[in-house]
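Participant: Take the sequences, apply the hints, and build the full model.
Top to bottom, those sequences are chains G and Z. Each residue of the first sequence is one higher than the one before, counting from 65 in the numbering used here. Each residue of the second sequence is one higher than the one before, counting from 113 in the numbering used here.
By construction, these hints were calculated from the structure, which means they are not laboratory data. For every residue, glycine included, the Cβ atom is placed at its ideal position computed from N, Cα and C. Certain hints may be false.
Unchecked claim - Below, simulated DSBU-like cross-link-like pairs (lysine-lysine); rule was C-alpha separation at most 30 Å, straight line:
id	chain 1	residue 1	chain 2	residue 2
1	Z	Lys376	Z	Lys229
2	Z	Lys229	G	Lys336
3	Z	Lys226	Z	Lys279
4	Z	Lys226	Z	Lys376
5	Z	Lys226	G	Lys336
Stated by the list, open to error - A short list of chain G residues far from chain Z (calculated; beta carbon distances all over 10 Å):
id	residue
6	Gly117
7	Leu143
8	Ala176
9	Val265
What the hints assert, rightly or not - What follows is a list of derived Cβ distance ranges for each label pair:
id	chain 1	residue 1	chain 2	residue 2	range
10	Z	Phe271	G	Ala241	47 to 57 Å
11	Z	Ser373	G	His219	42 to 52 Å
12	Z	Ser292	G	Ala256	23 to 33 Å
So the chains spell out like this:
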Amino acid sequence: MTRGHFIALALLAACALLLPLATDDSYILSLMIFSGINAIVAIGLCILMGSAGQVSLGQAGFYGIGAYASAILSQLFGLPVVAAICGAAVLSAAAAVILAVPSLRLKGHYLAVATLGFGEIVYIFLNEFGPGGPSGFGDIPPFSAFGVVITESRHFAWLVWSVLILLIIFSLNMLNARPGRALRALHGSETASSAVGLDVVALKIKVFVLSAIYASIAGSLYAHYVSFISPSSFALFYSVLLLMMVVLGGITTVWGGVVGAVLITLLPEPLKAFEELDVLVYGMILTLSLLFLRRGIVPMITERFSSYRENRSA
Amino acid sequence: MLTVFLQFLFSGLTIGSVYALVGLGFNIIYNATSIINLAQGEFVVIGGLLMWFFLDSCQMPFLASIALTLLSAGLVGLIMERLTIRPLKTADMLVMIMVTIAVSIVMRGLLMFKFGKDPYTYPPFTEAEPFMLGGAVVQPQALWVLGITGACIVFLYAFFNLTVVGKAMRACSFDATAASLVGIPVSRMIMFSFILSAIVGAVGGISITPIALMEYDKGAMLAVKGFCAAIMGGLGRGRGAVLGGLVIGILESMTAGYLHSGLKDAVALLIMLTILFFRPAGMFGNAAVQRLKGH
Chain G
65 MTRGHFIALA LLAACALLLP LATDDSYILS LMIFSGINAI VAIGLCILMG SAGQVSLGQA
125 GFYGIGAYAS AILSQLFGLP VVAAICGAAV LSAAAAVILA VPSLRLKGHY LAVATLGFGE
185 IVYIFLNEFG PGGPSGFGDI PPFSAFGVVI TESRHFAWLV WSVLILLIIF SLNMLNARPG
245 RALRALHGSE TASSAVGLDV VALKIKVFVL SAIYASIAGS LYAHYVSFIS PSSFALFYSV
305 LLLMMVVLGG ITTVWGGVVG AVLITLLPEP LKAFEELDVL VYGMILTLSL LFLRRGIVPM
365 ITERFSSYRE NRSA
Chain Z
113 MLTVFLQFLF SGLTIGSVYA LVGLGFNIIY NATSIINLAQ GEFVVIGGLL MWFFLDSCQM
173 PFLASIALTL LSAGLVGLIM ERLTIRPLKT ADMLVMIMVT IAVSIVMRGL LMFKFGKDPY
233 TYPPFTEAEP FMLGGAVVQP QALWVLGITG ACIVFLYAFF NLTVVGKAMR ACSFDATAAS
293 LVGIPVSRMI MFSFILSAIV GAVGGISITP IALMEYDKGA MLAVKGFCAA IMGGLGRGRG
353 AVLGGLVIGI LESMTAGYLH SGLKDAVALL IMLTILFFRP AGMFGNAAVQ RLKGH
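Facilitator: Now the structure itself:
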């Protein structure tokens, strides 16, 4: 990890620690929790898109599996919450393998549309066969580990942001080590990478599975926080929101996912004035950031910053 | 028993021919640009809703409404290409596919703003009574849908094989550089492909709305099913998309009838994933050709 990553992590950790202490407002705390949950999914998508050059339109499906599987395992089968979360992650990973193995062998857009279809299938199945059908089900047990039950929002905010920070550290280290170098090589030239012996397809599949596990963990945390889930939270629109987060923040670094997730989670606040127009505003933001902000906010800022430093030292 | 089967078959063929039109729309753009336009379903919705707007809301004559709807849809295709596809010409595939999603959301937002969340419909094209065929009830509008789809297919076939513009568009799909070397304005052909694709989608929307209601957010599912149709036939192959669309429509209607109506939408998706597993070049496609094209 470079110094920049270290400073950013320290800042993030400080915010995550202090903000819940500074406020008692449950609304602000819930916004913080939701940004953290969205950021966990977004960094997974960032790694998939920025490093493996693949797009997934079905992260909501993995998020939904994470939420439902964990809720069902812990509520109906009485499993400890941590075990339920792990079980859900395994299930999501298995679904990701099934989806990725055929689609990634093909070139082009197949993974994008296959994941879009997958997300919709999960949504349809949750609607038809999930407990409670379209109206969802509640009484999901709160998060607990080693005998400690987390019911207070403040504690849950700390939990979510600790998980996020751990996953960021894991992702940064991974991207900086052998798998990350291999992914960068892959981005440079797929032919050259396979010529030097990299198993291109296996690598892409692994990244895809990783992003699915991130989404699943986030979904489980969501379920144990809100304690009531219904299929509508896991529809296509959530996948599109995630896409917006990473495009806005920048796909080339995991920080882009974090920044984008926080911005998009806070967006409904200013959007309240637009009421019915919110879908349009979301679409415009995505279109305009693709057209004019092609690299995203975070890479743009870091570039400005480094060129400023170069100018000063020259 | 047979009567019920026939009933499901007819309704499957009707909805399937709309999927076929969406699939054809995918192919038109894919052939010219190698882009999968995920806003393809929105063109169908635009067709249905604008037709309602001109016909019912503005009380215009039937043919004028159709002309205006197709014109507007073509214009939407043109604007989409001009504002989003052309400026990003050099961007990679990832950005391209995302921008088509972005455009589809903008369209959905605009449609919701104008039409709200209610479903819309208007009277069938002709005021004939439903008739019986082998014991099953057939809506006259279903014949219109099938006939119009058939006419579209013939028109597209003639366009791509007999006219200079159509041949030029096919040349771009084989090799854009070579096409520009022989003097074909490639970027104009890309523009045409979006206009044509939008019009084909709108035709589907206009003809199906009297049978199946149209609402602002139907586009995403239509796009997915049209894409299923397109890959079922092998991406880029017109005849394959038509067959694929009809097969998906029929399977969907059989599932809704015999199994469980809630699973109707899952059928197309499961078919798509199965094809990706076993026959990525399509059920009727030629695997060798696909491999050479590299897509």
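Participant: For each hint, tell me whether it holds in the structure or not.
Facilitator: Now for the hints, and whether the structure bears them out:
1. Z:Lys376 x Z:Lys229: holds, 22 Å
2. Z:Lys229 x G:Lys336: Holds. Z:Lys229 to G:Lys336 sits at ~18 Å (cutoff 30 Å).
3. Z:Lys226 x Z:Lys279: violated, 38 Å
4. Z:Lys226 x Z:Lys376: The hint holds at about 29 Å.
5. Z:Lys226 x G:Lys336: The given pair, whose Cα atoms are some 19 Å apart, holds under the 30 Å limit.
6. Gly117: For G:Gly117, whose nearest Cβ neighbour in chain Z is about 6 Å away, the distance does not exceed 10 Å, so it is violated.
7. Leu143: The assertion about G:Leu143 holds, with a minimum of 28 Å to chain Z.
8. Ala176: violated, 5 Å
9. Val265: The claim holds: G:Val265 sits with its nearest Cβ about 13 Å from chain Z, beyond 10 Å.
10. Z:Phe271 x G:Ala241: 47 to 57 Å: holds, 54 Å
11. Z:Ser373 x G:His219: 42 to 52 Å: About 44 Å separates the Cβ atoms of Z:Ser373 and G:His219, which means 42 to 52 Å holds.
12. Z:Ser292 x G:Ala256: 23 to 33 Å: holds, 29 Å
Hint violations for this structure: numbers 3, 6, 8, all remaining hints satisfied.
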